[in-house]
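Protein chains in written order, with my numbering: chain A, 576 to 1275; chain B, 583 to 768.
Since the hints were made in silico from the structure, they are not lab data. Idealized CB from N, CA, C, for every residue including glycine. Any given hint might turn out to be false.
[Said to hold, decoys possible] In silico contact screen, one side only, chain A against chain B (beta carbon under 7 Å); selected entries:
id, residue
1, Thr816
2, Met913
3, Ala1147
4, Pro1214
5, Pro1218
6, Glu1221
7, Gly1222
[To be verified] In silico DSBU-like cross-links for lysine-lysine, where the CA-CA straight-line distance does not exceed 35 Å:
id, chain 1, residue 1, chain 2, residue 2
8, A, Lys1035, B, Lys731
9, A, Lys664, A, Lys603
10, A, Lys875, B, Lys665
11, A, Lys1106, B, Lys746
12, B, Lys676, A, Lys1146
13, A, Lys802, B, Lys645
14, A, Lys1146, B, Lys731
[What the hints assert, rightly or not] According to the in silico footprint, chain A covers these stretches of chain B (three or more CB under 8 Å from chain A):
id, segment
15, 605–617
16, 631–645
17, 662–676
18, 696–704
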Amino acid sequence: MAVSYGWAGKILRVNLSNGRITTEDTNKYKDYIGGMGIGYKVLFDEVPVGTHPHDANNKIVFGTGPLTGSGAPCSSRTNVTSLFPTNPKHMVADSHMGGNFAASMKYAGYDAIIVEGKARGPVWLRIEDDKVSIEDASKMWGQGIYNTTALVASEMGKEASIAAIGQAGENLVNLSVIMNGYSHSAGGHGSILGAKKLKAIGIIGTGSLKIAGKAKDLLDTNSYMLKELIGANNNHVVPSTPQPWAEFDSKGSRWTAQKGLYWGAAEPPVETGEIPPGDITTVGLRTQKGVKDLGPVAEKYTKRMGGCQSCPIRCFSQLEIPQLEKFGVSRFVSNTCMGYSAPNGVMIKGTVDQFEKDDGTFISKTLGSQLADDYGVWCNYGMLGREFKYIYESGKLKEVLSEEEYNSIPFELLEAGDPAFLKDFYRRITFKEGEFSHLGDGTYWIAQRWDLGDDFWHGKAQKIWSPLGYPVHHSNESGAQVGALISCMFNRDSQSHTHQNLIQSGLPADILREVSAEIWGSEEAFDFPAKYTPMNEYKAKFAKWSIIRNVLHDSLTVCNWMWPMMVSPVKARNYRGDTALESKYMSLVTGENYTEESLDLAAERVFTLHRALTVKQMGTLDMRNEHDVIMDWVYDMDPEMEPFTEGTVKMEREDMQTALTMFYEEMGWDKKTGAPTKDTLNRLGLDFAARELESMNLLP
Amino acid sequence: MGDYMDENIDYLQEDVADFITLNSRDGKIVTLEEIETFINNEEKDPTDVTEILESIKSELDLKTIDDSEGNTFYYSGNEMTDKYAGIIIRVKNKDILKLIGDTVREESRRYPRPTYVTMFNLPPYNLTEGELEDMLAELSIDSEYRDLKFTHASNGTVFVYSNKHMSKGYADYLAEWIEVGQDENP
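Bound conformation, chain A alone (with noise of 0.2 Å):
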């Protein structure tokens, strides 16, 4: 690359078969812009069709962008691509970690890690600079994640910055995580690096990023972000109590921060207050978050708030919890939102109080959060819990275990309401004992070796979405079609928050009804919620832009739980964000001039790489019928109520094919397939793919 403004200009390839570690130039990817984009283009072009997730031609990439590393706020993203081992063709998929790595990353002079071949014996990655070796993992093959994560640290010194696996990992559970810094973890992509036999990667980036632009603008950029634009995680714009400051408040809002609220373990205690929009130096303060995911007893055990690097935010609650060491976990505690929520949904009969009132929950989601980040355990984003409930209460899991071990499983923990009962649940998953730990393969997997049948995967309980084997992640709750669209996109649970975040704002439906006819033309782009309305082009429009933006997010790469910046809490600018500021920031660190419009087409051009790719992989043109496809539930929930009436989320099956047709039309795709056209893909710049393609038959 000739000039490497933003970018750190090369690409690190490390293949374990035979230890060659090699670097190329990421200019050739640079259409893809970064992160996700070059994932997908790796994949694409270097992977058969056909590899398992776990066989040593496929390969892995871990990626950064352009931003990533460069100041701009929410930029410490990681975006790891792979096959992906719950899906049932393994068909490509991302997963997200924050933390320091991904700017780590840049700084050690790397936009992407490509890992590919399978080494013969542990090892792990030990990258300082442009220094790079592959080191002898056998102290460290065994260990949990918090171990690992210190065994390397040991090695290179506190200022690594480290991404392990856990014992989930290495036993290839297809439901396991790759994390970063102890509690930022890529879901669903663990068990690609315990096949390769690579524990861990720690890498210290002593470089910095070079900036086209003055510093002085990129601050004031900044400065203008956070004073005018930013409010609290998810860009939650309202704060969640009546404040004098502020004219909208909303209960279920992020921006927890009030008077007589503490971080209450910090020394001394340090009041949140309230954070009126304006003042830089207090954002860090909005969220609360360990109140708002573990309840009004968490605030006393809470030391502080952490998170990414670069990021103001702080969405990570961090706590001490001296009760916690009384199950044999560590006291000190670090997560946010699912990785709290998803083992309490595991404790299917509640939990009673442990050590206090009201501390029930409390110590299941922490106790549990410790057990399931060690291990290296991923829930598929709530399913473990609810597919573990399914299989106990239908009496399927007496059905397919022997007398033996079912009578091993204390159960009478899990009725009595005992936390203790996630001690053995997560470790007979994480070491494969037994037929009970074919939980973790994953929703599919699980369907097919227990049979399970329409009521598991069509029941409105379980909250399944696809037939792929993934649950709902903002969908047809969030946005009607909008959310429902989205969720069908992806090889996984959608991870699109673009559209969620607006929607859940906390600013009244009138504001945001403006809004969205600013930004997609009509009001008629947003419905209120459970109060929908038939498809229409707008909310076709909303939805491509929805994944659009996140896709450009994971290549920039920059948080899409906080951006894009649709939104504001301030009132002097009616509320109104700033949809242009990716481009902003971009043509200021990169020193061309990039738009909105001009991004927008990359994030689409990387976007259809993903369908085309998907299309590629499952080996047929029918996306419509084979791929975009929603459980019955979602359709036949409420039976008393018809769709499109007050207080139901319930779709229409006709309204959702016509919201296929007008999101393929507003993507360039086939209408009758789905599948990309050779058009589309020669306007994107994707000839290649569309060669490939035809020569498979796979082209409208």
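Add chain B to chain A, keeping to what the hints say.
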């Protein structure tokens, strides 16, 4: 001597501006008497308070609001919304029942959402649990508020909504979503 007096007045303007600003930020509106008391307590030279207020009006976006007895209160529009000041006044006026009714109707219409009743325990409403209980009981029998109905989420949180603006089914759904659904879908 003249310069000294001018400087003193500048300081006084600054102090009064800070006094109003900090009170507004703290969720309080202040009377002219309170401002004068502040000046006296600060042992400042007597001066024309209204003149000082006029001089800081623009800087503070200084606003006034009257209660039902004709008392005027001051607040800074930079720190406090008119809506918030309006609620404070209605609480002072003991206009609680209508305040609750109007708030619930507005939230049902505009967001739309049912209103969790314990919001009225929080500032600026500041109702005690007993007062809130009494108000809600009154609300349920007063014919002026027959459109206000109650629902609750599965975690027990009670909500009130206006059936002029949302159906029972809709209120039920939203209450459950606010309390349970959102947390299950982070």
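To see whether the hints hold, each was checked on the structure:
no., hint, in the structure
1, Thr816, "holds (5 Å)"
2, Met913, "holds (5 Å)"
3, Ala1147, "violated (10 Å)"
4, Pro1214, "violated (13 Å)"
5, Pro1218, "violated (13 Å)"
6, Glu1221, "holds (4 Å)"
7, Gly1222, "holds (3 Å)"
8, Lys1035/A - Lys731/B, "holds (29 Å)"
9, Lys664/A - Lys603/A, "holds (29 Å)"
10, Lys875/A - Lys665/B, "holds (33 Å)"
11, Lys1106/A - Lys746/B, "holds (15 Å)"
12, Lys676/B - Lys1146/A, "holds (29 Å)"
13, Lys802/A - Lys645/B, "holds (24 Å)"
14, Lys1146/A - Lys731/B, "holds (32 Å)"
15, 605–617, "holds (count 4)"
16, 631–645, "violated (count 0)"
17, 662–676, "holds (count 5)"
18, 696–704, "holds (count 3)"
Consistency with the previously given hints fails for numbers 3, 4, 5, 16, ordered from lowest to highest.
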